[in-house]
Amino acid sequence: PTYTLRYNHVLGPNHPYHAALQQWAQRVSERTNGDLQILVFHSAQLGVEEDIIEQLRQGVPVGQNTDGARLGNYVREFGVFNGPYFVDSYQTVERLVRLPVVQTWTDRLANQYGIRILCFNWVQGYRHFMTNKPIRTPQDLQGLRIRTPPAPVWQESVRALGATPVALPFGEIYSALQQRAIDGAELVYANIPDMSLWEVVRYVNETKHFLLINFQVVGEAWFRRLPANYRNILTEECRRAGQAVSRQIEENEARIKQDIQRRGMTIVSDINLAPFQQAGLAAYQRLGIFDVRRLIYSQLGLER
Amino acid sequence: MGQRLLRLEEGLAQFFLALTVAVIFAGGVARFLGRPLDWAMDLATFAFAWCVFLSADVALRQDRHLAVELLTGRLSPRWRLGLRLFSLLLMALFLALLFGYSLQMAYLTRFRSFQGIPGLSYTWVTLSVSVGSLLLLLTTLGRIRQAWRAWREGPCS
Amino acid sequence: MLLSLGVFLLLLVLGMPVVFAIAIGGLVFFLQQPNLPLTMPVQLLLSETQNFSLLAIPTFILAGNLMNELGVTQRLLRVARVLTGHLRGGLAQVSVVLSLLMGGVSGSAIADATMQARILGPEMVRRGYSAAFVAALQGFSGLIVVAIPPSIGLILYGSIGQVSIGQLFAGGIGVGLLLALTYMVVVAMLARARGYQPELAQRPSAQETLAALWGGFGAVLFPVLLLLSLRTGVFVPSEVGAAAVVYALLVGAIYRELRWERVVRAFRDSVADIGMVAFLIAASALIGYGMKWEMIPQSLSQFLVGIAEDPRIALAVILLGLLLLGTILDSTVMIILLTPILVPTAKALGLDLVHFGVLVVMTSALGLLTPPVGLSMYSVCSVMRCSIEEYVQEGWPLFLAVCLVLLLVYLFPGIVTFLPRLLF
Ligand code: NA
Ligand code: NA
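Chains as they are written, first to last, in the numbering used here: chain A, 122 to 425; chain B, 6 to 162; chain C, 699 to 1122.
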């Protein structure tokens, strides 16, 4: 192959994203007659997310599955994608992709910071609070120490919902829960079987506070070196794989739910989300991205 | 240079070690009390990086870095000295490269900030590699001068 | 990558400090790749120090040095003396038992080995043990810490391979106990052969024992308190070392041994230790990156798995491969890279994934102690100031002991699976 891209993600090899990225790699290879090759690395083998992003900015032929909080380091507006209850469904994500204002941020990210977004319609599902007591209102979260990724967007969002965010590495969630150093975590369903979480927490509370949207990024310099038709193939297939895997993850959830209930976990689904949504607004205020949210909503024609 | 710099380097390394420990401990206690410190993890690793790269030179000055002396132990003193000189020159070359590129990296990474401390640019921790590699380079150059002198005086003694 | 490894080995043989041989070997890889800028080695060196879980290492190093300086070690020794002084090789036996206790607190073999070498090493040398033997003993007893939960290696294997971490933890306990027992037998045999004398002519009286226990109360309580701090949820494993530092200062104050100059001395020693160990961990990221970039561990293990069909033989081949790979690779890197390839293979072969996991993690961890590259080995040799050749000369019986234990675990999976079956 003339072009080889090494693609890194922090999820495990059994996460549906891994298979989806490999599927993407295969389709791209087929359509370019093997001239553009993508090698997929799971479990952050090539390094932590922030390091890889710094590398691809310098033209290293690597890519990374990332989120709005990380990209918000460079173009602040992307942080809004990680705000609480920012979007409510996959359909909205597909509409976001086509918004002109998002396109201007994407261009700024590419031109000023050298980061090229290939697509961002990869959705891991809703994040829920996983605790040892049922949660039905923001008050129930009061005083609970909840593990949350360290970026400010995440921390402020979880704080706004009523909990006390605790920044810990992803790998320490299991032992911290087991030792009761934290009272819970907020994760997607797919994380539960990955970490055997039924051994250490009892409730999944379906608060749906984030729809976890991922961005697939490569270096702009590397991207520019590709022939125009290769660039199209790369982004087209990225979107296609994202659509398929997001749907697949949604379908998997039913199976995971059955499995974890069989293993003794309780799913709390009778939650009135309105008070949570109201509480979450404070995060946008505190992070100074309330206007960004309003702008997007007006372009989407949403009244919220 | 000499003694003052040496004491400053050791003192700073010790200070950063103390800071690392204090911040980790405070972070654990604060979390237990239900008021976790957002910045604890990042400040601890920031201080640790400075501790490591300053300490690397302290260890070099005290000859604490391990070496395998399987072969060199059996050579004549002249050969051993020659190999030592070669090793030191290579090390100096490596450290000079590391120093140069660490400055470039410190500049390139200026937009990246610590996640838990949004105001703290990653540049400040990258500079620990610059300072560390510069100190290591100075120590290595000192050793090269010693070895070179010994080499020149070699045949006579 | 071959050139890179070749340069590393050549520089190693030429007597260059290991840390620079690794770093320069790693740099060669980046020089060969026009796509990779030379700013990347800088980032990789730094990236290791930004791993929160690794902070257990410097904090335990400092805790150990403080205990040395503040009289805690002396009291611990007095306790050890009354408990095992009448046995041959008393202090060596204590080292093994201490690792068993520390195993319930620490998840890192390197940190534990380093701490024990610091705490018990100088005293053991004073009592006639060779520095190299002490280094080997402390290094190898660090493996007990990997087997007894919490264990970073088992958590990595469990979360990557989707194997129950609770069952893995329960499975490790049997291996940890067997390992400790085997070490104690080996130590007893060596003590007889090498004439490591008992320190006391006879077993001390109950009164003497109680007096020593009371005098060393805070020191003996140390692992218990650390364990409690974990069980009550005050600290996560990465933080326990920092708690140990504070505890050491407290105990020193209670014993009225707390002096400014002693604390400063402990810091000075620690900085030199950390400069050696942590810089080495950082540098090994350089050579590790090249291997990951070229996907070498993957191809190697696929090759290993491909050559055998019988599950027992395949397992043996895998373990031997890990043992070989462990001589040059870091155990954490190995577990992260190989688990996803080995677990599906083990499934296909019909092996028990908990039994398999404990074996894989322990075999990888053994690589921390085998030359030419072994971080635990470097660390204990540096603390004890002995050469690697001396370490090998004195340490081989312990190496054989571990191999024996691994062989027993391989032949009798019940050693691992007994507890998980009982509990889950
Ligand atoms: Na342990
Ligand atoms: Na090794």
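Because the hints were derived from the structure by calculation, they are not lab data.
Take these hints with a grain of salt, some might be off.
As the list claims (entries may be wrong) - With the C-beta cut set under 7 angstroms, the calculated list includes, among others, these residues of chain C facing chain A:
no.: 1; residue: Phe-750
no.: 2; residue: Gly-931
no.: 3; residue: Ile-1034
Keep in mind it's a predicted model, so treat the numbers as computed, not measured.
Glycine is no exception: its CB is placed at the ideal position from the N, C-alpha and C atoms.
Do the hints match the structure? See the list:
no.	hint	in the structure
1	Phe-750	5 angstroms, holds
2	Gly-931	4 angstroms, holds
3	Ile-1034	6 angstroms, holds
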